[in-house]
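**Student:** Single-letter residue listing:
Protein chains: 2
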Amino acid sequence: MKYGIVAFPSKRFQDLANTYRKRYDSHYSKITPHITLKEAFEADESDIQDISQTIASIAQKYAPLMIHASKVSSFYPTTNVIYFKIEPTNQLQNIHQDLQNALNIGKPKHVFTPHITIAQDLTATEHDDIFGQLRMIGVNEQESIDRIHLVYQLEDGSWTTYETYRLTGAE
Amino acid sequence: MKYGIVAFPSKRFQDLANTYRKRYDSHYSKITPHITLKEAFEADESDIQDISQTIASIAQKYAPLMIHASKVSSFYPTTNVIYFKIEPTNQLQNIHQDLQNALNIGKPKHVFTPHITIAQDLTATEHDDIFGQLRMIGVNEQESIDRIHLVYQLEDGSWTTYETYRLTGAE
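Going down the list, the sequences are from chains A and B. Residue 135 in this note's numbering sits at position 135 of the first sequence; the count goes up by one each step and never skips. Residue 161 in this note's numbering sits at position 161 of the second sequence; the count goes up by one each step and never skips.
Simulated from the structure, these hints should not be mistaken for laboratory data. Just so it is clear, CB atoms sit at the ideal spot from N, CA and C, and this is done for glycine as well. Take these hints with a grain of salt, some might be off.
[What the hints assert, rightly or not] Keeping only pairs whose Cα atoms sit at most 20 Å apart, straight-line, the calculated SDA-like set for lysine to any residue is:
1) B/K11 <-> A/D15
2) B/K22 <-> B/R147
3) A/K109 <-> A/A40
4) B/K11 <-> A/A40
5) B/K71 <-> B/I137
6) B/K85 <-> B/T160
7) B/K30 <-> A/D47
8) A/K30 <-> B/Q153
9) B/K22 <-> A/S26
10) A/K11 <-> B/L154
11) B/K30 <-> A/R23
[Said to hold, decoys possible] Chain A is nowhere near these chain B residues, computed Cβ spacing over 12 Å in every case:
12) K2
13) S10
14) Q14
15) T32
16) P33
17) S57
18) S73
19) T78
20) Q97
21) D98
22) T123
23) M136
24) I137
25) Q142
26) A170
Using the sequences provided together with the hints, build the complete structure.
**Tutor:** Okay, here's the thing in structure tokens:
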């Protein structure tokens with residue numbers, strides 16, 4: 001089964017991201033707007049209790065995530081993905097690294113770049129047009145996120161939450 | 001903000017429901033297949049901590065939900081909704097009633113009929129055709145669900161999980 005670990009921002013911020021996603025993001029209907037903390041990984045259903053306990057113990061260490069979406073960026077030319085850039089912080093880097101190390105499943109494909117995807121699967125021309133527009137509009141949102149979610153993927157590509165973990169620590 | 005309380009069945013059973021939902025359910029992309037335990041209700045974001053604690057205390061009382069999806073039924077003529085009927089049990093009735101009483105928000109519109117929706121927003125003719133077909137195919141799935149979810153709705157109609165509660169009691 002395919003799992004991932006994400007942080008959902010506030011409803012208000014998700015609604016903002018969705019105004020773009022519904023037009024430009026092919027995964028719009030598969031999951032609501034989120035920051036991926038641990039990329040999708042395969043795990044056996046029988047291991048999920050252990051994995052969940054590991055995540056719970058990491059979540060206990062961390063305080064709510066302070067996030068600042070500061071601008072619209074793109075992963076072009078690696079992929080034609082446009083996103084709200086979340087300013088990197090030690091806190092985000094550390095929780096990502098803790099999850100990565102503890103689970104040790106699925107080597108990260110990319111350097112961790114915290115973000116909220118707002119457009120993907122665009123042609124090169126679409127990408128250039130839309131990125132030009134959205135970069136001008138920009139984004140500037142700050143908030144704290146007090147929980148993270150372990151999610152799993154159904155056969156149709158959609159994601160369901162398996163468990164939530166409140167961030168109740170000090171780091 | 002609009003909230004609801006649901007139980008998601010296993011991935012396998014969700015995948016089965018989605019084979020129908022992707023063709024026949026207008027809400028297919030808004031939430032993955034689920035049993036609604038408490039219908040959508042409005043609550044202030046500032047009250048959600050209290051509501052969440054109330055749900056947690058109820059969840060502690062109950063053992064994992066034993067469910068048996070026994071046949072394909074329809075709410076016609078009330079609505080053109082086709083669903084997997086979940087056999088009513090005291091356990092399901094009690095957890096629904098506890099949630100309803102404790103939250104005391106939004107009178108239930110209908111008698112509680114545990115189900116998983118697989119088709120809705122059909123014309124009368126579509127309903128009759130599809131119901132005829134699906135009733136013949138039928139369903140017979142038994143499983144236990146060890147957690148419930150508090151979900152909230154975004155402006156586009158999609159639902160995000162706020163919190164999960166494991167059913168760790170004996171009832």
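**Student:** State for each hint whether it applies.
**Tutor:** Against the structure, the hints:
1. B/K11 <-> A/D15: violated (27 Å)
2. B/K22 <-> B/R147: At roughly 25 Å apart (the allowed maximum being 20 Å), B/R147 and B/K22 break the hint.
3. A/K109 <-> A/A40: holds (10 Å)
4. B/K11 <-> A/A40: OK: B/K11 and A/A40 at ~16 Å, within 20 Å.
5. B/K71 <-> B/I137: holds (9 Å)
6. B/K85 <-> B/T160: violated (25 Å)
7. B/K30 <-> A/D47: violated (29 Å)
8. A/K30 <-> B/Q153: Roughly 15 Å between the alpha carbons, so the hint for A/K30 and B/Q153 holds.
9. B/K22 <-> A/S26: holds (16 Å)
10. A/K11 <-> B/L154: holds (6 Å)
11. B/K30 <-> A/R23: Holds: B/K30 and A/R23 sit about 16 Å apart, inside 20 Å.
12. K2: violated (10 Å)
13. S10: violated (9 Å)
14. Q14: Per Cβ check, B/Q14 is inside 12 Å of chain A; nearest 5 Å; violated.
15. T32: For B/T32, whose nearest Cβ neighbour in chain A is about 4 Å away, the distance does not exceed 12 Å, so it is violated.
16. P33: violated (8 Å)
17. S57: holds (16 Å)
18. S73: At about 23 Å from chain A, B/S73 clears the 12 Å cut-off, so the statement holds.
19. T78: holds (28 Å)
20. Q97: Correct as stated: the minimum Cβ-Cβ distance to chain A is 25 Å, above 12 Å.
21. D98: Correct as stated: the minimum Cβ-Cβ distance to chain A is 21 Å, above 12 Å.
22. T123: Consistent with the label, B/T123 stays out of reach of chain A, its closest Cβ about 23 Å off (over 12 Å).
23. M136: holds (23 Å)
24. I137: At roughly 18 Å from the nearest Cβ of chain A, B/I137 sits farther out than 12 Å, so the non-interface label holds.
25. Q142: Holds, because the least Cβ-Cβ distance between B/Q142 and chain A comes to about 17 Å, which exceeds 12 Å.
26. A170: With a cut-off of 12 Å, B/A170 remains clear of chain A, as the shortest Cβ separation is near 20 Å.
Of the numbered hints stated above, those contradicted by the structure are hints 1, 2, 6, 7, 12, 13, 14, 15, 16, listed in ascending order.
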